[in-house]
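Peer 1: Sequences listed follow chains A and B, in order. At position 81 of the first sequence (counting the first as 1) the number is 81 in the working numbering, and the numbers step up by one without a gap. At position 225 of the second sequence (counting the first as 1) the number is 225 in the working numbering, and the numbers step up by one without a gap.
A few of these clues could be false.
As the list claims (entries may be wrong) - These stretches of chain A come out as covered by chain B in the derived footprint (C-beta under 8 angstroms, 3 or more residues): (1) 52-65; (2) 72-82; (3) 92-99; (4) 105-113; (5) 132-139.
To be verified - Cross-link-like lysine-lysine pairs, in silico, BS3-like; alpha carbons within 25 angstroms at most: (6) A:Lys86 with A:Lys160; (7) B:Lys300 with B:Lys288; (8) A:Lys186 with A:Lys87; (9) B:Lys807 with B:Lys16; (10) A:Lys82 with B:Lys806; (11) A:Lys70 with B:Lys806; (12) B:Lys807 with A:Lys22; (13) B:Lys806 with A:Lys15; (14) B:Lys806 with A:Lys86; (15) A:Lys135 with A:Lys121.
Hint data in this document are derived by calculation from the structure and do not stem from the laboratory. Just so it is clear, CB atoms sit at the ideal spot from N, CA and C, and this is done for glycine as well.
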Amino acid sequence: MSIILEVKDLVKHYKMGSETVKAVDHTNLSVERGKFTAIVGRSGSGKSTLLHLLGGLDRPDSGKVIIEDKDIYSLGNDMLAKFRRKKIGFIFQDFNLIPSLTVWENVVLPMGLDGRKINEKEVLDILNHIDLAQKKDAMPNTLSGGQKQRTAIARALASKPAIILADEPTGNLDSQTELEVMALLKNCVKEFGQTLVMITHDETVAQMADEIILIEDGKVVNHS
Amino acid sequence: MKMVTQIAFANMKYHKSRNILIGIAMILTTLLLFLVPSVGMGIINGQFAVVNELYPTWHALYRSVDQDTADRLAVHREIGRYGLRSDAGVVPVAGANISMMYLDHDGLFLYKMDLTEGTLPQKENEIAVSKGILDELGISGEIGSTVKIPYQVYRDGGLDFTQEKQFVITGFLPDTEASIEARQYVAIVSKEFLFQEVPKDQIAYRFLFQIDGNESSTTDQIEENIKLIASQFDIPENDTNINTEYLAANYVDPAFVPGIAGIMLVIVIAGMITIYSIYYITMNDSIKEYGKLKAIGTTKRQLRQIVLRESYCVALFAVPIGLLLGTVLVKAVMRLMAEYTSDGNIMMETMRVMIDNNEFAMYHGWIYLLTVAIVLVTICLSLLRPMRIAAKVSEIEAIRYQEGTKKSRKNRKSRQQFSVPFLARINLAGSKRKNIITICSMGITGTFLMVVATVLSCANPVESANSSILGQYRVMVESEAGNKEHPEREWSEIVKNNPLSDDLKDRILAIDGVDKVECFTAVTVDADELLWSEQIRGIPESYAKELEDGIIEGSVTYEELKSGDKAVIDKNLLYWHPGLSIGDKLMMTIQDGDNSYQKEIEIAAIGDYRHGFTVYEYFLMAKAGADSLITNNGSREFEIYADKQYDETVEQEISSVISGTSDLLNLSSWQNEYETWKSALSMTNAACYSFLAILGAISIMNLINTMVHSLHARRKEIGMMQAVGMTNRQLIQMLQLEGLCYTLGTLIISVGLGSILGYPVYLWAKGNGMFNISQYHYPVAAAVLVTVIMVLVQMILAFALGSSVKKESLIERIRFSE
Chain A
1 MSIILEVKDL VKHYKMGSET VKAVDHTNLS VERGKFTAIV GRSGSGKSTL LHLLGGLDRP
61 DSGKVIIEDK DIYSLGNDML AKFRRKKIGF IFQDFNLIPS LTVWENVVLP MGLDGRKINE
121 KEVLDILNHI DLAQKKDAMP NTLSGGQKQR TAIARALASK PAIILADEPT GNLDSQTELE
181 VMALLKNCVK EFGQTLVMIT HDETVAQMAD EIILIEDGKV VNHS
Chain B
1 MKMVTQIAFA NMKYHKSRNI LIGIAMILTT LLLFLVPSVG MGIINGQFAV VNELYPTWHA
61 LYRSVDQDTA DRLAVHREIG RYGLRSDAGV VPVAGANISM MYLDHDGLFL YKMDLTEGTL
121 PQKENEIAVS KGILDELGIS GEIGSTVKIP YQVYRDGGLD FTQEKQFVIT GFLPDTEASI
181 EARQYVAIVS KEFLFQEVPK DQIAYRFLFQ IDGNESSTTD QIEENIKLIA SQFDIPENDT
241 NINTEYLAAN YVDPAFVPGI AGIMLVIVIA GMITIYSIYY ITMNDSIKEY GKLKAIGTTK
301 RQLRQIVLRE SYCVALFAVP IGLLLGTVLV KAVMRLMAEY TSDGNIMMET MRVMIDNNEF
361 AMYHGWIYLL TVAIVLVTIC LSLLRPMRIA AKVSEIEAIR YQEGTKKSRK NRKSRQQFSV
421 PFLARINLAG SKRKNIITIC SMGITGTFLM VVATVLSCAN PVESANSSIL GQYRVMVESE
481 AGNKEHPERE WSEIVKNNPL SDDLKDRILA IDGVDKVECF TAVTVDADEL LWSEQIRGIP
541 ESYAKELEDG IIEGSVTYEE LKSGDKAVID KNLLYWHPGL SIGDKLMMTI QDGDNSYQKE
601 IEIAAIGDYR HGFTVYEYFL MAKAGADSLI TNNGSREFEI YADKQYDETV EQEISSVISG
661 TSDLLNLSSW QNEYETWKSA LSMTNAACYS FLAILGAISI MNLINTMVHS LHARRKEIGM
721 MQAVGMTNRQ LIQMLQLEGL CYTLGTLIIS VGLGSILGYP VYLWAKGNGM FNISQYHYPV
781 AAAVLVTVIM VLVQMILAFA LGSSVKKESL IERIRFSE
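Excised from the complex, chain A in its bound form (with noise of 0.2 angstroms):
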């Protein structure tokens, strides 16, 4: 299997006070196409901070992320955020979904700003596969909370990215919603061949994983 992902010598300060936190420290770590890695760590671990370098929303202050053979943080920032609507799919904790759009819009949108044709039926093909087609016009406000994230799932995986990160993706969900859309994430991971990597303090949903990687302090302790 081809590796996708890689994390080369990342490093990752911040000053909170008088102290410095290592949130990410010297970190390497490599994740191979179509597979599903969870990220599992304590709270204050720095496996968010991992997750946002991973995703291109921060800049380390040093070390490198390889996805698809390319540097991300050799990229400009207009750069970086086409190659993250390109190649990165994101779902958050809390859906993080644009409220004045409606579930069909929010989940174009990343191909809408790429500019690219939409492929009605294939978006069609998602939202009918997590069971939104019939709310497609709804907006996010009429959702339920696990609706919500379906739809930011099928935001995720509209887009055919290289790579989907996770950040604690059923955080605000209850627990029979939570393995609803768990099974559901990784239905469709297998189904549409893609990678996902997830961030979970949850064993049980970690267990789901075929990898996991444990952090601490910043570092990774064990990859398995």
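Got chain A sorted already, so can you dock chain B onto it with the hints?
Peer 2: Quick look at chain B alone, frame taken from chain A:
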């Protein structure tokens, strides 16, 4: 500090960006509210100072007053300071004009005359002269010297034979450059001399006086009093001379206060709309806070006070800055105004010098206080609605309230394909009410700007000059009605020996460069239907077309107007005589020199003509018709057409031709009219556009506020869009498209409504003779300028906001919540 004030002060600091914008709007509003009355008062005070420098200070004088009347007038309760003057005679010197008069001490003061040395004459052989008089007589002398002076006294209605007398010089009067140039001087003699030389029953005084009263009296009140006193003493109106320049400059013109108040009202409205709009748009940020305060027991009144005091806290900083700026600018603005208009205008030139030397008050404590009071009232009025909203907040709703939860509740049809303009449209549609408030508030100011610009663009100095003079030069006979001192200036006298003769016409035509001379005539007529004597104006044949084309009601040909039985009236005549209408046959008394006769003249049509065409003579006939009414020479003016628009040599030659003919002739030129209008209009334009620019700047605070707030409220949303791939370029493009919507909305209202309203305002200005406006001109420059400024401001703003977003990291923005 009271808790309410403390919260308000903390709110002011917390909502920094909103309050900075409100603060700027307040500074600019304060500045304008301070500048307008300060400059207005400054000009009045300046004129007061200049007039006091240049004009005598008596309010009025009554002529031909005998000693007994003068004594009774002196004790009248309304009369303050008074003086006496009586013309005793003249000192005959060829080419010079030296009057010999008795003037008492107060008279000297009221004439703003003062002896440079010595005292006023007391004995019959004493005299006060000027150096110029001695030079004219070819003699020299000092105080106490005895000099022989020839004189002619007024006796039996005319000047008596020349006599000579030894006078002792008791005092010296100053000569001015102007008096030396004009060779006009005054010598003062004693009352004893007057009594000795002029028979007692022929002594007539001029009684000069000031009306007792304070400076707040209006000119109308003072003039009324002067006329009332005259009627009490049976002094005819012709013998009353009111010093209107002095009164106008020293006392409040009744039109001044409403004028200034009107302008200030416009500023208050602009300030109010802006402050209200800025506060209203950012109000959502505070709703939750007000709800919490209410939940813990804050009363409605206290909430209203919190809102009001927050803005008063801003005013605490903004108003002094506005006043300070105003204080710095008043002098500069006044100086600029005086400098702009000083070209050839002795009043403004003197004012400029006086401004430089700080010779009159430009700062008034009451204007500072008034400005502060008006600004505070403006703030209070603009916050009435926000205060009501804050007081009405429901505790539960406010605590639950979150930005964005209210909007987009309804589902709508999704847009299948996607673009950045669509995102901009969605956002604009999401806050329709706020956008409409912003657009309307800016649109109202823009409309006002366009309406004023329409009037200003119609005021074209070339057209104003064209409207006031027909040819390149005009020679006109200056007649004066009712001046008993100069009966020769009565039109009935002039026609008997009219200086505008065929000979003069030929001499002017002979001047190199003169192409044509057109002669207009005038006939004085009276009728029962008319309030006063009017003139029938004889229009030469070459203007037949203009006369016919100007008819707006009824119809008559130039040929028909040659009969002398029919006339066209200018519509301005209807202002004074609204009862006149087409078909009326007026039995007119035609004045022909010393003779008069009656003739019926029919009003055949009503016309609308430029001022230069009628010269305020509103009955128009063909020249042949007017000429047929009298046997004398009724020539009123020569309109002289030259090959060049202006040629100094031609003007000088015409001037020398007419000055050798009569002192009743007055020469004016197109160029002179043009220069006058140009100078007056450039001043008006500069003042109006500066005022409008500040008003525009106040209004633009709205746009800045709306866009800043819209961006602030969507920080997280924009962060999310950027996380899923929106580039900075796309963000700026989105903001620009949103800004463009405000710009377009504002421009549609400003330029659209402004253009529509501009036309009736132009018609009104034209009807009232404002700036001699004659033609409508669309204010293209103003429309383009407003458009360019709006587009530029919006582009710069979008760019600056887009760049400011970058300062905060994407992570921070995604995590941001209200």
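Peer 1: It remains to establish, for every hint, whether it holds in the given structure.
Peer 2: Evaluated hints:
| no. | hint | result |
| --- | --- | --- |
| 1 | 52-65 | holds (count 4) |
| 2 | 72-82 | holds (count 4) |
| 3 | 92-99 | holds (count 5) |
| 4 | 105-113 | holds (count 7) |
| 5 | 132-139 | holds (count 4) |
| 6 | A:Lys86 with A:Lys160 | 8 angstroms, holds |
| 7 | B:Lys300 with B:Lys288 | 15 angstroms, holds |
| 8 | A:Lys186 with A:Lys87 | 19 angstroms, holds |
| 9 | B:Lys807 with B:Lys16 | 18 angstroms, holds |
| 10 | A:Lys82 with B:Lys806 | 16 angstroms, holds |
| 11 | A:Lys70 with B:Lys806 | 24 angstroms, holds |
| 12 | B:Lys807 with A:Lys22 | 23 angstroms, holds |
| 13 | B:Lys806 with A:Lys15 | 20 angstroms, holds |
| 14 | B:Lys806 with A:Lys86 | 21 angstroms, holds |
| 15 | A:Lys135 with A:Lys121 | 16 angstroms, holds |
Violated hints: none; the structure is consistent with every hint.
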